[in-house]
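Participant: Sequence:
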Amino acid sequence: MNKTLILSCTFVFFIFSSVSSGNETDHLALLAVKKHIKSDPYKIMPSWNDSTHFCNWIGIICGSRHQRVVTLNLWSGGFSGSISPAIGNLSFLRELLLHNNSFTGNIPQEVGKLSRLTRLGLSNNSLSGEIPSNISHCRNLIELDLSANNLVGFIPNELESLTKLQHINFHSNELTGEIPKFIGNFTSLAFISGLGNNFYGNIPETLGKLSKLWFFGFAMNNLSGVLPPSFFNISSLTNIDLPDNRISGSLPSDIAQRFPGLIFLNLPINKLSGPIPISLSNATNLEHLALNENAFTGNVPSFSRLRRLRNFAVNVNQLGNGRSDNLDFVSSLANCTNLRWLGFGGNNLGGVLPKSMFNFTLLTALTVGGNLISGDIPSEIGQLVNVRRLFLFSNRFTGRIPDSIGNLGNLGAMGLNGNLLSGSIPSSLGNLTLLSELYLQRNKLEGTVPSSLSNCTGLQTLDLSRNNLSGDIPKWIFSLSSLTISLDLSDNRFSGSIPTEVGALKNLGSLDLSRNMISGVIPVSLGTCTSLVALYMAGNAIEGEIPTSFRSLRGLEVLDLSGNNLTGRTPEYLGDFLFFRRLNLSLNGFDGKLPELGAFKNVSIVSVYGNRKLCGGSPEFQLPKCSSTKKQFPNSLLIIVPIFGVVFVVILAVICCLVCKRKKVSAEISSEDENFPRVSYQNLHEATEGFSSVNLIGSGNFSSVFKAILYLKTEPQVVAVKVLKLAVHGADRSFIAECEALRSIRHRNLVKVLTSCSSLDFQGNDFKALVYSYMVNGSLDDWLHQNRVVGLNFIQRLNIVIDLAGALDYIHCQCGPLMIHCDIKPSNVLLDADLVAHLGDFGLARFVHPDSSTSHTSSLGIKGTIGYAAPEYGIGSKVSMYGDIYSFGILILELFTGNRPTDETFSNGISLHGFVKTAIRDDQVMEITDLVLFETRQDENTSKDACDGEMYGPIKDCLTSMYQIGIACSSELPRDRIDMSYVLDQLKFVKKTFLEGSKSSSFASQKNF
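Just so we're aligned: the sequence shown equals residues -21 to -1, 1 to 988 in mature numbering (1 follows the signal peptide of the UniProt record, and there is no 0).
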């Protein structure tokens, strides 16, 4: 009896010791996980402490029997750091869920020790390296999600042991190799995605064994070959997503019978050929059919039974033969009342547009351009009131543009170009106030341009070329400050002179007035259009000289003035234009010596033939030599010259006295440093043409900014010269503050200071200036407000916010002493040629040293701009980085709503912050968002159209996230605002989420329509 009792006690003690030991192992492993976490914005890790059992820690679930960790769930915790190898010691773990964080480094090999693991979720992190082969030891895995990381290499062959897998997601990595054949052995597999990698080769035949597979997606890879016959045996498939590969072959005629539940068939941008299977008309569950950019032939079959169809695209194939019955399929779509996108452009389809097509009142995009369609454009087109993109270009449409097009109030882009349309441009087009792109070129339109188009204040591109339009060039057209991409009026019969109002288009990129009947002189005001990249004025009757104001058009790549009556000397400064690809001055009356420097040394880009009075220049131009005649000085000059010499010496002596009389205190930014070359007042005076208003690009309380070409280290460089208004009280201290701030900071998203000048002007007055890199795209304020509807899309705005967050995180935390900018607002955000944002104007900046409660630099007690300054500044609080964060939050809300915080809308207790907060609560995010964001062409799937489908709309969620970040930053109390480092992480996560959502719905990209 005693022996039995002793044995029982021993067994119990053994069990207790084992459990206790196991608990301690889990405890230590979790502490190691905690130690590897570097960022914890939601303060979850403090709950991982010894005051409570680890089974009660946030994110931990333990088994009831052994009190061992079975689930580690840190999903969307905002964590950064690395995954601890100690994770492998959680031997009872069944679920490891670390989605939506910012973990870096490799996936630890020790994960392979978790033999009980069923779910491994590491998506949406920044993990790198290869997939560990010893994950193959986790043979109970049901779900493997490694998507949206930076993983490289092949899928390890060892993973063939994971035969229980039901869900595999590798999308958005940099994986390569072929799709492994062993995946065909995963008989329980239901979902597999490898979108956005570098997979190549054929789709393996073995996949035909996957009887439970419903989603197969390998979009945007390099897959080739034909779809194997066994693939069409997977009758469970409902979603096939394989766009942007090199898959060839044809689709089986009985495809609908093989996939009876088919919902999503997305195969654009491949090499598929043959007819579109007629049986698809029996796929009654089909919602999305995209076969565009392939080589399909024959007629488009009837789809009368597809009542659920929302998106239909067969653009850019070889469909049709020009016959009148080619568009019969459009009538068969009459029952598809849910259609949002309809595209069959870029084929050989003939016939006339059936009027039944215009019953699709939910359509947001219609593309039929590039066919052989004839007849009039039906007036019923005005029924498509929701359409945002309408492209009927390059067909054989005749007759007039119907007035009813003016009913399409949501239209953002319209292309009727390349048809046989006649008559006048209807004045009803003035109702299309959201229009940003209008293409009417290559028709037979006549008459004058209707003044109602001046209502289209969002136009960025207007092309009326190659018509029979006449009359004077309308002055109102130059009031459209939104015209930033192109204005093309060429090949018409416009007469009269070029209006001086043309100078208002300061942000226009391309202007073409070629081959009209324009006379008069080139207006001097054209020189203010400093954003011009291309200027065409050939084939007119323009006379006079090239105005000296053209000196400001330094960004020109193409200048064509050929075939006019221009006279005078060829301006030498044209040779200094750095970006010329083409300069055509032919067939004019220019005289004198042709310059020989710069662009004039390159005969391949400069053309001057037909100017009979030109001489000299490079020998390749084959111009006659210039005659040289010696002139004798008259006797009177022999007397005058010495007198001028004496006067010059006296003036020089006076200047020297003035300079010596005043000892200057240098405020230059490390002027002795070879990285900051010295510039004098005279250098800056010459580079700005005497600080001419022609070169003025901005003016504020303390300074004016001029555009200039300055030689720094012997190289010409386009710069911005900020000249302080020293007569204004505080400007001198603003200059010192900015110098002190910028001398010690370097960051890609801060405006780069090149040098400074603290000197005397020609009258002996104090002169101070800073020289910066020139930002060709101006300020963010210009893009948002000065030139309304200029067109920043969602991803561009998001990139700008990320750039600014990086700059603020740098000055707050990484550049030494804490620096407070004190004036964050759109006008202080400058954009370079690539729309990279640079934070500028540090005139109010202050350093706060850790051993001092006061700012090192004081700027008149000013702490920002009304609307952007933190509310605590209004009651005398000291500056802090939380003041910058408040201003940054307001800037985010302004950037995405398009509303200034000082708009008249925000009064009587309503603020921009409260306005956005209410909209989120009422699910009105899309309604408050700047419409320009949706109408601008995107690099990814960012159009508002893409949000209309349930499956294709990451933008609404991402907009909500952006507004939430802006609201959190602009909280009334400083303690409620979030740190900039965390803001930066969240912004990057929003971008990552958006791009991945955009990739997965590639059908919505512009090229598909």
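Calculated from the structure, these hints are not laboratory results.
Possibly wrong hints are sitting among the right ones.
[Said to hold, decoys possible] Within a straight-line C-alpha distance of at most 25 Å, the following computed SDA-like cross-link-like pairs (lysine to any residue) qualify:
id, residue 1, residue 2
1, Lys92, Asn119
2, Lys604, His664
3, Lys572, Glu524
4, Lys580, Leu557
Participant: With a cut-off of 25 Å on the C-alpha distance, tell me whether lysine 92 and asparagine 119 pass.
Facilitator: holds, 12 Å
Participant: Between lysine 572 and glutamate 524, does the CA-CA distance stay at or below 25 Å?
Facilitator: With a Cα-Cα distance of about 15 Å, the restraint between lysine 572 and glutamate 524 holds, given a limit of 25 Å.
Participant: Please work out if lysine 604 and histidine 664 have their alpha carbons no farther apart than 25 Å.
Facilitator: violated, 35 Å
Participant: Decide if the proposed pair is consistent with the structure: lysine 580 and leucine 557, CA atoms, cutoff 25 Å inclusive.
Facilitator: Measuring from Cα to Cα gives roughly 12 Å; hence the hint holds.
Going through the hint list in order, the structure does not satisfy hint 2, though it satisfies all others.
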